[in-house]
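Enquirer: Each chain, letter by letter, is given below.
Protein chains: 2
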Amino acid sequence: MSSTAAATKWVYDFAEGSRDMRELLGGKGANVAEMVRVLGPERVPAGFTITTAACVAYMAAGDEPAELAGQVAEALARLERVAGKRLGDADDPLLVSVRSGARQSMPGMLDTVLNLGLNDRSVGGLAQRTDNERFAWDSYRRFVQMFGNVARSIPGEVYEQEIAARKRERGVRLDTELETADLRALAERFQALFAEHTGEPFPQDPGEQLRQAIRAVFDSWLGQRAADYRRINRIPDEWGTAVNVQQMVFGNKGDRSGSGVAFSRDELTGAPQPSGDFLANAQGEDVVSGVRNTQDIGTLATLMPEAHGELMTVLTTLERHYHDMQDVEFTIEEGRLYMLQTRNAKRPAQAAVRFAVDAVAEGLLDRSAALETIDCDRLDALLHPTFDPAAEFSVLATGVSASPGAAKGEIVFTAVDAVQAAEQGRETILVRPFTEADDVAGFHAARGILTSEGGKASHAALVARGMGRPCVVGASELEVDLEARVVRVGDRELAEGTLIAIDGSSGVVTLDDVALVEARVSEHFQTVLEWSDQLRRLGVRANADTPEDAAKARELGAEGVGLCRTEHMFMAADRVPKMRAMILADSEHERRDALAELLPLQQEDFEGLFEAMGERPVTIRLLDPPLHEFLPAESELIGAIEVARVENSEQLAELEHTLERVHALAETNPMLGTRGCRLGVLWPEIYEMQVEAIARATQAVRERSGPVPHVEVMIPLVDYERELELMRELVERVASGQGLDAGVDYTVGTMIELPRACFVANLIARHADFFSFGTNDLTQTALGFSRDDVESKFLATYLERRIVDRSPFETIDEPGVGWLVRLAAWVGREARPDLKLGICGEHGGDPDSVAFFHRAGLDYVSCSPYRVPIARVAAAQAAIAHRS
Amino acid sequence: MSSTAAATKWVYDFAEGSRDMRELLGGKGANVAEMVRVLGPERVPAGFTITTAACVAYMAAGDEPAELAGQVAEALARLERVAGKRLGDADDPLLVSVRSGARQSMPGMLDTVLNLGLNDRSVGGLAQRTDNERFAWDSYRRFVQMFGNVARSIPGEVYEQEIAARKRERGVRLDTELETADLRALAERFQALFAEHTGEPFPQDPGEQLRQAIRAVFDSWLGQRAADYRRINRIPDEWGTAVNVQQMVFGNKGDRSGSGVAFSRDELTGAPQPSGDFLANAQGEDVVSGVRNTQDIGTLATLMPEAHGELMTVLTTLERHYHDMQDVEFTIEEGRLYMLQTRNAKRPAQAAVRFAVDAVAEGLLDRSAALETIDCDRLDALLHPTFDPAAEFSVLATGVSASPGAAKGEIVFTAVDAVQAAEQGRETILVRPFTEADDVAGFHAARGILTSEGGKASHAALVARGMGRPCVVGASELEVDLEARVVRVGDRELAEGTLIAIDGSSGVVTLDDVALVEARVSEHFQTVLEWSDQLRRLGVRANADTPEDAAKARELGAEGVGLCRTEHMFMAADRVPKMRAMILADSEHERRDALAELLPLQQEDFEGLFEAMGERPVTIRLLDPPLHEFLPAESELIGAIEVARVENSEQLAELEHTLERVHALAETNPMLGTRGCRLGVLWPEIYEMQVEAIARATQAVRERSGPVPHVEVMIPLVDYERELELMRELVERVASGQGLDAGVDYTVGTMIELPRACFVANLIARHADFFSFGTNDLTQTALGFSRDDVESKFLATYLERRIVDRSPFETIDEPGVGWLVRLAAWVGREARPDLKLGICGEHGGDPDSVAFFHRAGLDYVSCSPYRVPIARVAAAQAAIAHRS
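Quick mapping for you: the protein sequence lines, in order, are chains D and C. First residue of the first sequence? That's 1 in the working numbering, and the numbers climb one at a time after it. First residue of the second sequence? That's 1 in the working numbering, and the numbers climb one at a time after it.
So here's chain D without its partners, still in its complex pose (with noise of 0.2 Å):
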């Protein structure tokens, strides 16, 4: 069709497009040529759509190609040909909207000319035809107004600083007050604004406002805002964006006009009955501007019941078509339906989940298919307790969602505090700066966690997230004053028993009463699971260390513990003491007989989570953390010894001891330091203690109640070959001792998590039944980031300066930790091709990292219990994407 075939084609027709398209005419254009294949033309507006090859022309150039211009001005003949209408005619001109479309959906963030085509000339003509005088003047206020902010930038203010003038001069409230010669006087005030500010007339030729509107178009991708918008949406700059050329329907033109949105199913649950929203005598922008109370789409039946009929059939068609719940926008022009847009509908994981299997039971999509529809991350709101949607509230302060879930109470500042609530039956939410180890006993007790610092990586996420307790984050607004016992939020100051409010899904705080609803597995739910679990090749566990988690993830579908934290025993209240005088041992013998005191509640931990998990099994990762995280703080210490000091205490020797000991055990750099199997190698008897536990809880629980898990014994932060297999020695010279079997009744693998370790894993894999990725401490090292700096510290600053565009703690990071985790899946399955592999850092939880699991050929990911489902679902998603 293009009148120089050499040069490229850079106009496309509505009817030449489809919607396999999109990248080269954007989503809105690729689905407005495909409405006008499965639907017909006269059901759709005529317009083109300049490529986004041509915005990309552009940006490299500065400037439009060459050819551009022509082939504009040849689709512009042919779409008035079709209208019977010509742009600028003084009669019966046309008028189009020039939009922009980029490949993905980018809300509100690209600019829009309506009404383009008018001028001081045209608009007679449209008062004319329209028989309307006021509509063809508003039409032109509008487009003059829209043109000068979108095409010359200026600033909103300036026209909305006049029409408010306008209106005080006029003595009314509403913009639909304004009488017609308000709205001519308005329309020649804003083009005398607009040679102001640009030092040109307004331009009445409108093929120079179509080009000048398309080139607005053009910019607009470059704009700060849709390059911020790019960066959280990991949108390429490159990609550019298409600009659509369409002829303007009214749904203004009276009682049988209208607007409005609809989609083919119920948007919030998902129930197979259309939804939406409609204005009659109005334009789309008022239905979205909420200047009006709409209508449901229910009230179009009796207002315009051939309209609406064929509404339902066009949402019916599009739906078969695109085999996906729709989200439309239409106009009804005088009687007549015109389809503006159509695309997949966003949709909340109910009517996500709902969507999927009635799907299938309408034969519409197969199960794979089905799944592929469901948004992973939205999932987690399905597992957790939130607000009441319907309840209003005041928003105190927002901050990052470390855990989702909702949750109130009354403010505590302290674990002990939060203890004592609970036991008084009182529900608190513990607020704190951030968070210690020491706070774990108020993690239990409380309902919820706050905190003033700290991102989605620190201790109160991680350990929050590990419980499945609500938590926000870093909500820095507060200032919590531990002294004084308050919170502080700008003037204000809450007290100690105050009650709060949390809502760990989408980080906001409040101080209203607000209702919460209970979470559970909806049945379809449920069969969206059991759907993931018969199409996923990748097994899913949990992280648990308790019976009561390793019953919620037996409720959640896991297949077995993937990692069970054998410090979190310790940080119990009645086991910190003893762990302590361990750790305070001044000889091995000292040592051996404060370790033979934990061995029971050890060996107690394990009967209780093998009691909960049957024959599934268990990966038990012996001890790992810094011994100094079981002793106090040096400031506390300080504090008490010179308490002590005053009052001639005889705890004053015990307290220096201690003070002493933390000293020796204080490390620059915790997280590189004496940890992981490090702590076996210099004290062997812990891990001895450990595994003896172990062995003895299997030998019990064998005896109470038959079914006994299948222990995997894991050792944490092996470097070298050499250290496990000496760890090794020790497991099986311990366990043999208590009557076990290595490979019958346990097996002895280690953790994956230091860089060296990826590149040796052939050497390491000799001694080793199984690999666990730890993608948490590889993330650290691969990255040199501190998880527990990092996000407090640096990321944002990172994120804006798109350095990165997720937190790496979030989503594994490819390129460097992937490529390490490939590295080692490879060597170590060449050495041993029946290594078991797996992977128990956050990420086994994160849909993106699953599906790279997936690829990198792991057999199974370790996942919180609250993330299980996700990443059932996730599973099934990359095996289903890998296949294909």
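One thing to keep in mind: the hints can contain errors.
All copies of an identical chain are treated as equivalent in the list; a pair is satisfied when it fits inside any one copy or across any two copies.
[Said to hold, decoys possible] Distance condition first, Cα-Cα at most 25 Å in a straight line; then the derived SDA-like pairs of lysine to any residue: (1) Lys793 <-> Glu629; (2) Lys793 <-> Arg565; (3) Lys793 <-> Glu667; (4) Lys793 <-> Pro684; (5) Lys793 <-> Thr668; (6) Lys793 <-> Glu590; (7) Lys793 <-> Arg580; (8) Lys578 <-> Gly639; (9) Lys793 <-> Asn776; (10) Lys793 <-> Leu682; (11) Lys793 <-> Ala594; (12) Lys793 <-> Asp586; (13) Lys793 <-> Ser635; (14) Lys793 <-> Glu588; (15) Lys253 <-> Thr302; (16) Lys346 <-> Asp286; (17) Lys793 <-> Glu567; (18) Lys793 <-> Leu482; (19) Lys793 <-> Val576; (20) Lys578 <-> Glu667; (21) Lys793 <-> Glu453; (22) Lys793 <-> Glu688; (23) Lys793 <-> Glu725.
I should point out that these hints are in silico values taken from the structure, not numbers from a laboratory.
Following the hints, put chain C in place on chain D, whose structure we already have.
Expert: Leaving out everything else, chain C in the frame of chain D:
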């Protein structure tokens, strides 16, 4: 020669071997065989070697290989024929020694039995044949003792007690005062002891004696002492040891007999005159044991001119044959010279250098071969003052040799005291438990540094090495009490001001006023360095932060500065307050004001450096360490605040503000926190100031003196391509503002010191003119080892348990860190073939690591100035080794 052709040959006559059979025959066996070939059979006592393979088979099976006994018997028969004597013969017995001999020398580690073949009957024959009854019984007594000790593990004390008792009984002091009857009684008593301890009679059958002695040598390979030696010297356990059975010759047969050791050149200086020790009428063990005062080898010329002449000829012959300086053992039996052993001589650096130069002059070796005879690790001693080798002193304590060179001075405990003392012209040693950034000023002022904690990679060691200050760390016998201002060693208390001396090359600490000997690059060393420069491919630069360092680096042959750490410039006393003002600034505006004050100082620093380096390249790293390193410690501040509060001081508010900032900047793992280019991203104004200072300094020096270095601006700690892109933009923007052109006046590159960066080095290389591997940090992250913590906390145990054989901060960890370097070099050059590659970690001065960097294809290494000569030689050796 073997009777069973199909069976493995486990035994080789000396005449069958050669030096090329070291793997099979061990070092001693191969060298003895070689001597037979070179000097003729009459010069070497006859014998045979049981192979290392036999030892390996013995270790695997727990028993000798089946054919071994027969092969030994056959070899023994041949030996008896050659010797004309028979083992156990009652009239004229053949006596043999049984000695170990591994592939690589393990002095004193494996066991030896002498005089084997004696029994109750043959002792009489020996007495008769030698006409020396005392000699015969002393030989027998020694054999019974040695055999029981070596072959059956009877403790040496058991025998010593018997000898002591006998001496008491006889009222004599020396062994030599015992008479024949005593010796005879002892031989009998020792046989009885043997029976008591083993439950078996002492074997009278010489064949059985031989069998047990051979087993004993095999077993000694597996003993703890040998295992420890192998670990330290990285000798594989799998090698096993050979066993040499050799006819005994006797240097104690009268005045025409004797034993000695000799070197083909002066063992200390390398001067071309043989040196050595000799004892007339004595056996080899008397020479070594130091019981009698030995005579210089020169005296042999007078005493036994013929044997002396033969020895001189033999030394020349062996040196020419082995093309290296020889270290031999010999015995003269009644005027006849026997050579017992020869090997390439270990030699101190001075001798090594002298030999290399002389050997080339003499035509013995070409330059490459001469360079290969030098042990680079020893060269350090030539570059630093040492304790006078002739001085006698008593050792107070021993620590880790952290930075070479000797120093003495008064004990001081703080940097301030060291600075004050220096101003008064007093020399000091800074003594601390450990050091921190605040102490660096004291490093400049003191003559040496001594700490009770830390290892080779501790702060004290690193900074001291960087400055070339002698340093001993981890002298754990010292208890440094900073409060009481004393050092305790056992019961002793050393006050401030006490004279103390340290030798950083040996780790020795003494209170004696030992004389120090200054180092200078000798003429011979200079020649070796010049040859090295001709032969090496790797460039050698120095890490230098000051004009003084740079001048020293040039003097020692550095071709440029590979790393100027700009932060060290801010540690100086006049800079710290300004730096702190910058860090404490509450706004960008205030921060810029503070930076403006630092700018001229920083510019001055660079001018000095540029003038010192002339036109050589200088790599300047922009600010790297976390900012809190420049602030006072928390505990110090809290104390100061207490005082200020009590005194109602005006400084209180400022102190509290500082403490707040210290808290805000505090990080759990500073090594993985807000440092490197993260600082530049967060606070670009800091890097902008630094670049401006570089640019201004370049212009100023150019105007003043003409030649300026090629400046390489280096961005530290890059993870992401985008980080470098942003920082490069910053550098180019600021530099061009000062009239400098990228690529002409300077280049921009990055440190590669994080694992992630290695994987994406191809992307990073797009924005880099050069990479400099920061192998210190790369080791920390790849291994998860905090440099500050690892060596002090668990490295010792890791060495002991054979997990590592040396610190990975000393020699590069090839399997992990090495692969990361290779990877980054590979993909970096793939993206940019002209990418310049260097390394500026501590490893740049370690010979083994330099060899790796050569093989990995790097362009240059950069190390502390005092390691430059070592790197030059190591680089040449690497080129020679890699070429062949």
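Enquirer: Which constraints among the numbered hints does this structure fail? Numbers only, ascending.
Expert: none
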